[in-house]
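Protein chains in written order, with my numbering: chain A, 1 to 761; chain B, 1001 to 1261.
There's no promise every hint is true.
List time: in silico EDC-like cross-link candidates among lysine to aspartate or glutamate, alpha-carbon distance up to 16 angstroms [claimed, not checked]:
{"no.": "1", "chain 1": "A", "residue 1": "K117", "chain 2": "A", "residue 2": "D51"}
{"no.": "2", "chain 1": "A", "residue 1": "K598", "chain 2": "A", "residue 2": "E140"}
{"no.": "3", "chain 1": "B", "residue 1": "K1038", "chain 2": "A", "residue 2": "D261"}
{"no.": "4", "chain 1": "A", "residue 1": "K124", "chain 2": "A", "residue 2": "D669"}
{"no.": "5", "chain 1": "B", "residue 1": "K1038", "chain 2": "A", "residue 2": "D259"}
{"no.": "6", "chain 1": "A", "residue 1": "K5", "chain 2": "A", "residue 2": "E555"}
Residues from chain B shown here face chain A by an in silico Cβ test under 8 angstroms; the list is partial [said to hold, decoys possible]:
{"no.": "7", "residue": "F1173"}
{"no.": "8", "residue": "P1176"}
{"no.": "9", "residue": "A1177"}
{"no.": "10", "residue": "S1178"}
{"no.": "11", "residue": "G1241"}
{"no.": "12", "residue": "T1242"}
{"no.": "13", "residue": "Y1245"}
{"no.": "14", "residue": "L1249"}
{"no.": "15", "residue": "V1252"}
Don't read these hints as lab results, they were simulated from the structure. By construction, the Cβ of each residue, glycine as well, lies at the ideal position given by its N, Cα and C atoms.
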Amino acid sequence: MSVAKPLPHDAAHLHVTGAARYVDDIPTPAGTLHLAFGMSTAACGTLNNMDLDAVRAAPGVVAVLTAPDLPFDNDVSPSAHDEPLLATDAVHYVGQPVFLVIAETHLQARFAARLGKIDITETKPVFTIEDALAANARFEDGPRIYAQGDAASALDAAENTLSGSLDIGGQEHFYLEGQAALVQPGENGDMHVISSTQHPTEIQHKVAEAIGQPMHAVRVETRRMGGGFGGKESQGNALAVACAVAVRLTGQPCKMRYDRDDDMIITGKRHDFRIDYDIGFDEEGHITALDVRQYTRCGWALDLSLPVADRAMLHADNGYWLPNIRIESHRLRTNTQSATAFRGFGGPQGMLGMERIVDHVAAELGLDPLVVRQRNFYASSGQEIQTTPYGQPVEDFILDDLVAQLAKTSDYDARRAAVAEWNAANPVLKKGIALTPVKFGISFTLTHLNQAGALVHVYSDGSIHLNHGGTEMGQGLFQKIAQVAASRFGVALDAIKITATDTAKVPNTSATAASSGSDLNGMAVKAACDTLRDRMAEHLAQLHQCHPDAVVFAEGRVQAGEADYSFAEVAAMAHQARISLSATGFYKTPDIQWDRIKGHGRPFFYFAYGAAVTEVVVDTLTGENRILRADVLHDAGASLNPALDIGQVEGGYVQGAGWLTTEELVWDDAGRLRTHAPSTYKIPACGDRPDIFNVSLWDGENRADTIYKSKAVGEPPLMLGISALLALSDAVSACGPNYPDLHAPATAESVLASVHKAQDA
Amino acid sequence: MYNFDFEKPESVADAIAALQGEEAQALGGGQTLIPTLKQRLASPSTLVSLKGIAEMQGVCMGDDGSVCIGGATNHATVAAEAGAYPALADTAAHIGDPAVRNRGTIGGSLANNDPSACYPAAALGSGATIVTNARQIAADDYFQGMFTTALDEGEIITEVRFPVPEKANYQKFVQPASRFALVGVYVAKYADGVRVAITGASNDGVFRWAEAEAALSANFSASALDGLSLSGDDMISDLHGTGEYRAHLCAVMTKRAVAAA
Ligand SMILES: Cc1cc2nc3c(=O)[nH]c(=O)nc-3n(C[C@H](O)[C@H](O)[C@H](O)COP(=O)(O)OP(=O)(O)OC[C@H]3O[C@@H](n4cnc5c(N)ncnc54)[C@H](O)[C@@H]3O)c2cc1C
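Please model the entire structure based on the sequences and the hints provided.
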């Protein structure tokens, strides 16, 4: 059976040879036009007048569009209909698309876009969390509050209390392939859209609205993305819609891709947060009361900010039983890019807040933070069942065992002692170590999104065409699903053709997001394959006088009674017998229900777990720092493909550590993003990964009934990177008596500031 | 790109002649100039490449024992061939990435005088002589603020002469994204005194830290710098770091350079 095998990514050889096709690699038909946006230069103001004569006169320019030129709906929002493709009467951030240039080449479009003269009467912008709170600039009428027990009284009654505040920076997705779309006209107003998107159905929906056609007139295809990380859940809408509108106007194919600078300036990023907390705890470090305030900058439009902020609240407990907790969440409207989905979707920020809280308690009591973590863990599965702050019973808790195993394999105790010894002997270079756990809820919190469809054909030669609603962004989803299909039919993987995601094959799909790609689409494909297999089995059973259940599909052969056929022979026989060899499959996640206003229910089908130990060294004179070693143990259930899963875990750790260390987004006083290229924004490179990097998968299957008992692995490992930040904090704490109060990202300058905080008398 | 003429003379004289034309500009490795052209921040009508001029290529020893580097010599060549002045070779070896080192030239770097570049610190820290087609300029007179030098219009750097110190070291604190110097300190100890040149930090471009030089000339050890500091007030404050942080790094990097020299 091909599931559980550590097979390489199906397109690995194409990726490394450059033969894998991305949107910009697709040969375009003659006459294809290219698009670029003219952007707002002000963060906030009224849009008076645009002088676009020079743009229109620029070489190669075919047409220039502004909002009034748009034929139908002027909106690319995935949620609240508050995101015009082109600004109407107001601008809301520097970089907001204001006009659209259609030209003969990409560069002509970009150059022409620079020539627009936009007259804006600027008004006072809102940039920071503090500005937004002062102006009461927010989404939803007030903060959301989820609670369990009575935090206020428990704080009053607590033996010890402690307060603090943590700033958490945002993060640029930095997918290697930037946003891109290519739209070709069909007959009678139809459009064929090729988009680098995690959400083809959303693209279809927004394009259809923008060109005034029903969804059936728009077909969206996505073979692969060169990375998504959540940044292509909604941010591709603008490009696809712009192309479709331009195709409708010109009758010619249109392509749009953002140059990297434009991509970083226009598109949303991970939400930055400030988290304030008041903790009540006993002498052993048990957290008896917790009041947490989460403030997040959502940017100018709603986008996906509500579910992101909800998920931050839903991870404010991480792996800890908090009988008395109150979580207050403020979703603030600012004149910056509209923050969007990013791997973890708010979960990482909520979880980091809690890890910081536990770390602070441990520092206050002079205890090893690991001990405080373990004392506060939820009860293990099989023991008393405790509930999360949002009322979900935690029935599958394994962090006790998982963390104990990792502490052992990583030699945590001995290394912690060695770090202390090193720090006693070395005045300048200080080492630090931290072990942090991850408990991440799996399912879309918008319950209806937890569904998926598949379409499977068996051809009469026994070859199989596989399609489903999930998208491939390098994570290996297609290979995992192909392994599922091959296993259901008992055939080799090369019998399966992996095909592009296509709204004409599987309709009404959810985004490939929330780590749910394999869980949902794997089950849908399994259902489709089983339908076909059952049809073939029934036919053979009749022929050979046996029970259909006794027909065995394995190793490319099919056995029915005494008979033994190749899979291809069975396919041909079924075709001869006029049996349909095409089937759809459908899946919806069971057992979930959720009321996001009350903050109560069972939003998650199950939890995915993991833990990491990171050891770092800090130069206390400059704040420079390095990760020396990382050990990870991650729970992927019964892995569908351990090689791909380990890849996801390694990448997640590195991306999480990058978020919390070197990746710093800087806006200037005018609201311009100054870090809009790799020369100013530092993502981890190959050389930045830990020199010693031990990554293993936890040996255990999912208790929930998922595809082959595997667990989702897309987002959870990102949060393993939290251990890097807390290891830095641990190293800094060796510099002096005070809590380092290290904020994220921990750039060298911010580590140095925290060294001084630790040292100050 | 846009249209321009390209010339590749084989002698300094021909290059100077070619540079007399309206809107002609010298081209070294193009690592700074070509991106500038692409962004339309400059639009010379003729580019005069200096790479075909044999006399401006390579590393040799001068009669006075100084290391002489042709103005069109790329960083990789300096890294490989300036072994007689190890700190200089090492500085060159850590500029940019292999592509930049194989294209970018010392003349281009010094002519550009980027406030975060490495060679200006090496030249000022070594008291180098910048030789042009017309004259010799002492490093102390050459650097005149960010992106500003003593070069006249149409004047080119043909050679840079570095007196070899007893000891020297360059400490570069890299800005992690671009790997340019957030702060770089070049310390060189000569028989007649110590020179300390700092790049990346000041709003006025590369500069010498006189107090540190005096302290180190009296006692060449890191501890001689104890208590010395620079003010962050006139330092660059930008997205990569505050002036205060840069000032702090100047002191730390100077000590490191002394210890490593
Ligand atoms: C990715 C990247 C990373 C880099 N990292 C670093 C770094 O870490 N440290 C560092 O110091 N630098 C760094 N640089 C800059 C690099 O060293 C460049 O090579 C240098 O700034 C310019 O040299 P060039 O020969 O390419 O000059 P060009 O780009 O050809 O020219 C630059 C300017 O100098 C003029 N010019 C060229 N040659 C002469 C000459 N002989 N006489 C008079 N004028 C001349 C030109 O007319 C132009 O105005 C980096 C550059 C890049 C692209």
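Quick rundown of the hints versus the structure:
1. For the given pair, K117/A sits about 5 angstroms from D51/A by alpha-carbon distance, which is consistent with the 16 angstroms threshold.
2. As the CA atoms of K598/A and E140/A are separated by approximately 14 angstroms, the hinted pair is consistent with the 16 angstroms bound.
3. Among the hinted pairs, K1038/B with D261/A is consistent with the structure: their alpha-carbon atoms are about 14 angstroms apart, no more than 16 angstroms.
4. For the suggested pair K124/A and D669/A, the alpha carbons sit about 12 angstroms apart, so the restraint of at most 16 angstroms is met.
5. About 14 angstroms separates the Cα atoms of K1038/B and D259/A, which keeps this hinted pair within 16 angstroms; it holds.
6. For the hint linking K5/A to E555/A, the alpha-carbon distance of about 15 angstroms falls within 16 angstroms, and the restraint holds.
7. Interface hint at F1173/B: satisfied, since its Cβ lies 7 angstroms from the closest Cβ of chain A, which is below the 8 angstroms cut-off.
8. Look at P1176/B: its Cβ gets to within about 4 angstroms of chain A, closer than 8 angstroms, so that hint holds up.
9. Because the closest C-beta pair between A1177/B and chain A is about 4 angstroms apart, less than 8 angstroms, the hint holds.
10. Interface restraint check for S1178/B: the shortest CB-CB distance to chain A comes to about 4 angstroms, inside 8 angstroms, so the restraint holds.
11. Interface restraint check: G1241/B against chain A, minimum CB-CB distance 5 angstroms, threshold 8 angstroms, status holds.
12. Checking T1242/B against chain A: minimum C-beta separation of about 7 angstroms stays under 8 angstroms; hint holds.
13. The interface hint given for Y1245/B is met, as the beta carbon of that residue sits about 5 angstroms from the closest beta carbon of chain A, less than 8 angstroms.
14. Proximity of L1249/B to chain A holds as hinted, the smallest CB-CB distance being about 6 angstroms (cut-off 8 angstroms).
15. Look at V1252/B: its Cβ gets to within about 5 angstroms of chain A, closer than 8 angstroms, so that hint holds up.
In summary, this structure violates none of the numbered hints.
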